[in-house]
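Chemist: Next come the chains, spelled out residue by residue.
2 protein chains.
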Amino acid sequence: MFRTHLVSELNPKLDGAEVKVAGWVHNIRNLGGKVFILLRDKSGIGQIVVEKGNSAYDKIMNIGLESTLVVNGIVKADPRAPNGIEVHAKDVEILSYAKSPLPLDVTGKVKADIDTRLRERLLDLRRLEMQAVLKIQSVAVKSFRETLYKYGFVEVFTPKIIASATEGGAQLFPVLYFGKEAFLAQSPQLYKELLAGAIERVFEIAPAWRAEESDTPYHLSEFISMDVEMAFADYNDIMALIEQIIYNMINDVRRECRNRLKILNYTPPDVKIPMKKISYSEAIEILKSKGVNIKFGDDIGTPELRV
Amino acid sequence: MFRTHLVSELNPKLDGAEVKVAGWVHNIRNLGGKVFILLRDKSGIGQIVVEKGNSAYDKIMNIGLESTLVVNGIVKADPRAPNGIEVHAKDVEILSYAKSPLPLDVTGKVKADIDTRLRERLLDLRRLEMQAVLKIQSVAVKSFRETLYKYGFVEVFTPKIIASATEGGAQLFPVLYFGKEAFLAQSPQLYKELLAGAIERVFEIAPAWRAEESDTPYHLSEFISMDVEMAFADYNDIMALIEQIIYNMINDVRRECRNRLKILNYTPPDVKIPMKKISYSEAIEILKSKGVNIKFGDDIGTPELRV
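Here the protein sequences line up with chains A and B, keeping their order. Mapping of the first sequence onto the numbering used here: residues 1 to 307, in sequence order. Mapping of the second sequence onto the numbering used here: residues 308 to 614, in sequence order.
None of these hints come from the bench; they were simulated from the model. By construction, the Cβ of each residue, glycine as well, lies at the ideal position given by its N, Cα and C atoms.
Here are the computed distance ranges between Cβ atoms for each label pair:
1) B/Asp544 - A/Lys59: 21 to 27 Å
2) B/Thr414 - A/Thr4: 55 to 61 Å
3) B/Tyr456 - A/Ile250: 15 to 21 Å
4) A/Leu264 - B/Leu527: 37 to 43 Å
5) B/Ser596 - A/Met61: 51 to 57 Å
6) A/Tyr151 - B/Leu527: 29 to 35 Å
All chains should be built: construct the whole structure from the sequences, respecting the hints.
Modeler: Right, dumping it as structure tokens:
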């Protein structure tokens with residue numbers, strides 16, 4: 001066993017208990033007689049104290065930030081420590097040494113540009129902001145599905161390599177399929193319609209592709225399409241469903257991701273049902289007034305939520 | 308509103324009530340004075356009776372199988388009817404007429420070959436067996452996710468257009484990406500590892516591709532990969548997790564898909580935890596004894612469940 005507790009599970013009631021925690025070195029301060037390590041796991045950050053004279057002290061002298069540790073120690077309540085708690089190491093096992101210095105600062109004190117972040121994605125994903133985005137995305141998608149399950153929708157998986165285009169005007173990525181030209185699906189539209197004609201209510205969360213330049217207001221070239229199809233329903237039923245989906249997603253994220261939202265310094269909007277609705281013509285007028293160049297026949301009405 | 312009830316919600320307690328049901332004409336029998344329609348919706352099949360003299364009678368004279376109807380009528384308990392219940396039509400609205408004769412028998416009495424089924428997929432998906440497969444798949448995938456949520460896994464979405472291969476030996480489909488050669492991901496492996504190095508426990512359910520001929524025991528060229536990655540765990544932890552996932556999937560399907568399993572005439576196996584485990588060497592011996600040609604270094608150990 002690599003751990004008995006996540007660092008966020010440590011609390012003053014455990015004072016005196018022996019625990020095992022594991023994670024990455026988020027920060028390290030050597031005060032001579034004592035070394036303070038901020039250890040980060042998936043739940044948060046906790047403080048480890050290694051005293052001089054302890055066998056672990058020499059071991060950790062040369063570890064750099066982002067090295068991976070397992071720490072065995074005694075919980076001690078201390079109001080000066082983060083969350084009022086620290087772990088006094090009895091022993092430390094070093095699972096891996098990170099190279100030093102790191103090419104990207106995980107604590108975020110030194111900002112990195114987008115090229116560095118993408119090149120050093122391993123470290124970039126460890127930043128608390130990126131962890132928050134990943135967790136919020138997962139909760140939002142879970143909420144989307146739960147609303148649909150509740151209303152009797154069946155999750156489906158449709159083919160992604162297709163023989164021809166689904167929607168007029170959308171640019172396709174060609175795939176070489178055993179010597180023949182095929183394309184990446186730009187939408188599950190046609191499959192969804194077949195399926196709704198059989199089992200009435202279906203949804204799919206899956207990648208979709210549009211070979212469109214990234215400087216347009218339309219699609220990313222690869223995105224996650226959250227797609228619903230419903231038989232025996234009119235546009236009012238669809239709007240009522242989408243309202244419910246959005247309402248639940250925002251409120252589930254608000255409730256389940258309180259700390260993650262704080263890290264991102266973001267407060268989700270208050271939403272109420274029924275939401276304000278506008279007609280297609282009104283929507284076109286608003287877009288025109290914002291200077292968006294509307295070509296009628298474009299699939300601007302497709303309700304694709306990007307996650 | 309297209310309906311007040313699904314056909315499976317009708318029961319003898321509703322005797323005398325006025326209801327509205329909607330669905331497809333699964334079967335039709337004209338006894339002269341009465342026409343019996345078996346109406347199919349996503350929940351099942353119910354019986355409609357249209358009596359001669361009723362205004363609906365003439366309307367339905369020319370409808371073929373798989374036409375789409377909305378029926379307004381009075382529920383009547385009758386032990387001779389399927390499920391002991393039928394709806395005596397007051398009025399019928401025909402939403403669409405199906406062409407007749409149909410190129411595929413949805414009731415399944417006349418079997419179709421695979422070419423016909425794929426060409427007439429709209430009708431093929433309406434067969435109760437196909438509906439059962441879709442529903443069971445959705446329940447199985449839901450169960451997979453629920454077990455992982457329970458153990459603190461985060462759902463992720465990784466890129467599917469990639470610059471180079473993930474696993475040695477796997478054949479790739481080339482994609483033309485804005486004038487450059489790229490490939491379809493054959494596994495989320497590398498991305499999962501980056502993500503597990505940040506948030507420890509991740510999973511993804513997404514398409515993956517292998518450009519392998521279909522006459523090998525390896526992969527479908529396009530399949531749904533159900534993929535898990537876990538930090539601070541050893542192979543025993545992984546086996547315990549997979550056991551739990553499989554146990555829950557089988558039992559959730561058994562419980563939630565009783566009728567669908569009956570349609571497929573299939574009983575899921577009884578599974579117990581802990582499951583029997585064999586070593587890698589034993590697995591290789593078993594495969595060899597079955598005449599499977601093992602090339603060491605192949606990724607035969609990759610736990611990909613196909614749905």
